[in-house]
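**Student:** One-letter residues, chain by chain:
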Amino acid sequence: MDRTERLNIPETELFHPGHYACQGCGAPIVTRYMMKALGKKTIIVIPACCWSVIQGPYPYSTLKVSVVHTAFETAASTASGIRSALKTQGRNDIHVVALAGDGGTFDIGLQALSGAAERNDNIIYVCYDNEAYMNTGIQRSSSTPFGAWTTTTPGSHYKDRPKKDIIQIMAAHRIPYAATGSVAYPEDLYKKFKKASTMTGLRFFHIFSPCPPGWKSATDDSIKIARYATWSKIYPLYEVFDGERFIVTKPEKEIPVSDYFSIQKRFSNLSEHDTAFIQQMVDERWMSLLKLSGSSPEK
Amino acid sequence: MKKVLMGNHAVSLGVKLARVNVIAAYPITPQSQIVELLSEMCADGEIDAEFLKVESEHSSMACCIGASLAGARAFTATSSQGLLLMHEMLHWAAGSRTPVVMTNVNRGVSPPWTIWTDQTDSVSQRDTGWIQVYCENNQEVIDTILQAYWVAEKVSLPFMVVYDGFYLSHTSEPVDVPEQNIVDSFLKPYEPFYKIDVEKPHSINSIVYPSHYMEFRHNIKKSMDSVPSILKQCLAEFKKHFNREYSTIEEYRNDDAEITLITSSTVTSTARILIDEFRKKGIKIGLVKLRLFNPFPHDDILRALKGKSKVGVIDRNYSPGNGGVFAQTLKFSISQVAGMPEVYPFIVGLGGRDVTEEVLGEAVEIMFNGKHRGEKEIWIGLKD
Ligand SMILES: Cc1ncc(C[n+]2csc(CCOP(=O)(O)OP(=O)(O)O)c2C)c(N)n1
Ligand code: SF4
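Protein chains in written order, with this note's numbering: chain A, 1 to 299; chain B, 1 to 384.
By construction, these hints were calculated from the structure, which means they are not laboratory data. Heads up, the beta-carbon is just placed ideally off N, CA and C, and yes, glycines get one too. Watch out, some of these pointers could steer you wrong.
[Unchecked claim] Non-contacting residues of chain A with respect to chain B, defined by C-beta distances greater than 10 Å in every case (computed):
#	residue
1	64
2	80
3	118
4	199
5	258
6	265
[Stated by the list, open to error] Covered, in the sense of this in silico footprint (three residues per stretch, anywhere, with C-beta under 8 Å from a C-beta of chain B), are these stretches of chain A:
#	segment
7	41-51
8	88-97
Bound conformation, chain B alone (with noise of 0.2 Å):
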């Protein structure tokens, strides 16, 4: 059924659909609309789920790995500040390897205060072991909902759905929203593969000696790696069940081209429009939109770089000392395979500045008189 919904309505419409059986989740902008909408769902009996209104994230967090580690299907949504005081149980969630499902919703980090878009809360969350997919629109935010679950519980590992806020959480689209039976034949409910019982009792996460610690990292790596693979699996199916398509990496005009432009988000949309303008003058410029980002999808990013002479990176994201995080995994994925592109990095549109055709064109000229080369990062769009 096509409806009229705000990203943030998209979600929770989504794991209503996903018939999730714990929430827990305390307020941010501009997260708030998810869980107030699902709070109102449960408290009208919409949606069969116990809801805990917990007293900040960190709680939110240790609440949904509980309840995962107890067999249920749990879900809350976080920013920004949210997001980075929920740190340490970042690093539990997939430790426990919970496949605990959540959204962030993209907000600039403070201080100063900001609450407008950029991607340095999630990216810098790379680290804890949660998979993470960024969404471009909103019905791809529902769609991606139900694909976390479905690969989150085959891979044991959490998801991170990602989202520009305002751009999307608070922007209205056509949505096909899913049948419930449809949904229902896609994600069967959850089968833990361990979970704490009072008839079979174990003990989770107790101190581990060198002798055992690293086997126990290994194992997340094993299923890490496995993400792309199995992700490929779920649109698969995914396809099947809905008749939409979705992949890892999304290529546009990418064949034949020359140079090429990495973005993710909401900024592709933008940048699509501009390569359609280059390639009127006969240009021969292409577009990688990056759906998942962690695990980084190496081997189909090697695919749709080989034999470009430029490849430049859209980050909407600042690691200081570093420059933009996707600039930075993208190098040392291709470091070490012969042929690949030079990679000039953008940083662009932080705390919620707008990321225009001017701004991405400013950062194509770049690539094409070749200003810049060589550098960490390249900043665009700042003022004197």
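So that you can see chain A by itself, here it is in the shape it has in the complex (with noise of 0.2 Å):
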């Protein structure tokens, strides 16, 4: 079947046309579809990332929906006082969301989003994820995958340590649902987050983001760059519902990680013993995420 005729999205656009974003940019497509599934009926909360620049200065905006800047480290206490006050007004009607790179959600932003996460506030939070500090100029966060080249991880000094497992971290607060997402499969995208509409409690979103200037590729590659990186495994499509049972949906094609490699060249400085060794942390994940899903490594 052709992939196209599968596509069940609105086409409602909650968008302006025309956004501040780079060309081949993800971080915008994540917020199309993420609006397409959420309504107007959305309050938007934005720290300190590259969408505070994509949502357009004053007094222009790109989206449709109100929407809060807010220091790069607050966004979840920013959408939990939002959440109190909208409570104290009776209307739960509305949503309330957090959308913020992976630095304000990995590094800085770690402790307030561990805190409305264990208060398990009525918040949907957002990680559109481009795997560094690109508002800044490419600088690494821990989100950097292992090999990667940024400009504080230069040249032979890539990144040596793995990305921190951001979504271990948030199910171990034992949240209703937490679940990757990735630009290259829209439909699962908005599946995921009209699934999550319709639950209450702390939702998370970590969604796979390719970045043309920050990850050194063709701008029209970004989508085949993600989709490559959920074939070769380095990221997994998966939910997780109350920190416990995990659903992971296996790739309609398997493919090695220097076929993903290839395409960026942030990555040009791995060896080919590196990338063995990548290859080998990336099967183990996969296996025991497997494990955690309680499925069996065959298809």
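Got two chains here, each in a separate frame; can you build the complex from them with the hints?
**Tutor:** Right, here's the structure in full:
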């Protein structure tokens, strides 16, 4: 069957044409599908990140819903405050969304996010993951994967620690829902947002979001890169319910990590030995994920 | 109704009477009892508010800003390190034009660790865009909470109610607790100037280019500059409703005084006794209590100091390299006006050291004999 025929996503756009992202950026795509699923009764909180630029300077706005920009480390706590106010007004029909980059989520904002998750505040937290601090010029974050170049992990001093496992951290809070998603799988993304929108409590999304300038990749390769990330199992798609029940989507095709690396220049410093090491880490993580989901390695 | 209340509980009752909608707070000595009582009252359904038990002061201020932007009357309380941790968010609160009210119970700043009072925590937030009022007793504390919402919501700026740790926070005094129905007629429900809602989408705090940023700051200036007169309107209303009188600055036996002391907070009570004693000896000395510190009540100060030969500023805080912050601000305020008195800037009582009549007497002595004239700061009560 043709791929496009299977897509079942509404045509409504809560997104103005014309935004301030670079060409080929994944971040606007994440938000477009998110908005299609959540609808216009949504308030979005944006901390410092590329999205604070994408959203447009005063007096413009990319999004057709209310947006509150806040400090880098306060996406979750600002959203919690908004939710509390709405609760006192009896407005339980509104989604409050925190939309943050990986730095604002994995690093500086983790304390506030953990606080909100522990309280199980009724907010949706969406991290679009471009695997570095892009807004300040491609510095490494704790989400930068092993082996990647950034301006603070230059040349042969590429990132020598694995990416922080944010979903495991969030699942450990036993929140009702945590899921990964990818701009290469819009229908999956849409469905997950729809599912989350019917739940209450803290719902967490971690969404793979390519960044051509930061990844040194071609602007028209972003979706392909995102798909390769899932095919190579570097970026598996899965959901965790109540911190316990894992559901993994097995990729429709499997490729070695070297295929994924070859279409971005940020991994060009890797030796064959490095690549083999990363392949081994990825395989092990995949196996443990399958184990958590109770499924077998076979297709 | 008269009740014997410690300063901290006076705040909690004030917050209840103000019908606050959202409270977010994190414990720190000597503030904690404020939110302990509030959380009890929330749990018992005595207050109809959401209480967010956050994981840090930084988050409590972020919550209050979010709540306020969504139309809620928001409250938090802190002290010292907690206030310092909030610093970035204090700017966000003012810049977002949210009328959040916060109590700061003054406590010295570490290291070395100290839990006792001084004002270095709050005065070092002077430039964040918060209105600051310093209180002398527990009656003033509860009354100022109500005034704070009245003023903050008129000018769309956050308001900090400040008082001395332990001297007031943990000291019980008889307090006339206002009746709820009178409070309700004084303080109307919060009607935000703008609020985020889903029916009328807005974007708040977006990036601004140099072509617009200055105007945002200038708008804050206009609102801040209006605070002394708005506060006076508030206090006139307050007097009508509660029959208690307050002002931006409070003068005591200052009319015919030749030299004047400027104090704030509980030190003022000690200073009054001292003034009485000097007056008994026929010495013409007066007192000005600074209640409103930020914005600095420039016009009122000029009026109160006109014709005096010397003014001593009692600072219970210290900015390294610059001296006392009240003195600095006062000097700046009077610097371009002719006929203003010579300023004697005193540093006293840091980290909870007692500010006794003797300490203040020494300050007055120094002013009389002109010792240390022209010095940047004069420390009193230091051990050799
Ligand atoms: C307290 C604070 N520290 C640093 C910054 C500077 N800063 C702004 S955006 C940013 C990086 C954001 O990275 P990420 O969250 O990954 O989002 P991205 O830019 O990649 O979209 C940094 C470091 C800031 N705004 N506030
Ligand atoms: S730098 Fe990267 S993440 Fe930021 S807008 Fe450009 S493409 Fe998107």
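**Student:** Confirm or reject each hint.
**Tutor:** We went through each hint and held it up to the structure:
{"no.": "1", "hint": "64", "verdict": "violated, 6 Å"}
{"no.": "2", "hint": "80", "verdict": "violated, 5 Å"}
{"no.": "3", "hint": "118", "verdict": "violated, 7 Å"}
{"no.": "4", "hint": "199", "verdict": "holds, 19 Å"}
{"no.": "5", "hint": "258", "verdict": "holds, 40 Å"}
{"no.": "6", "hint": "265", "verdict": "holds, 30 Å"}
{"no.": "7", "hint": "41-51", "verdict": "holds (count 4)"}
{"no.": "8", "hint": "88-97", "verdict": "holds (count 3)"}
Consistency with the previously given hints fails for numbers 1, 2 and 3, ordered from lowest to highest.
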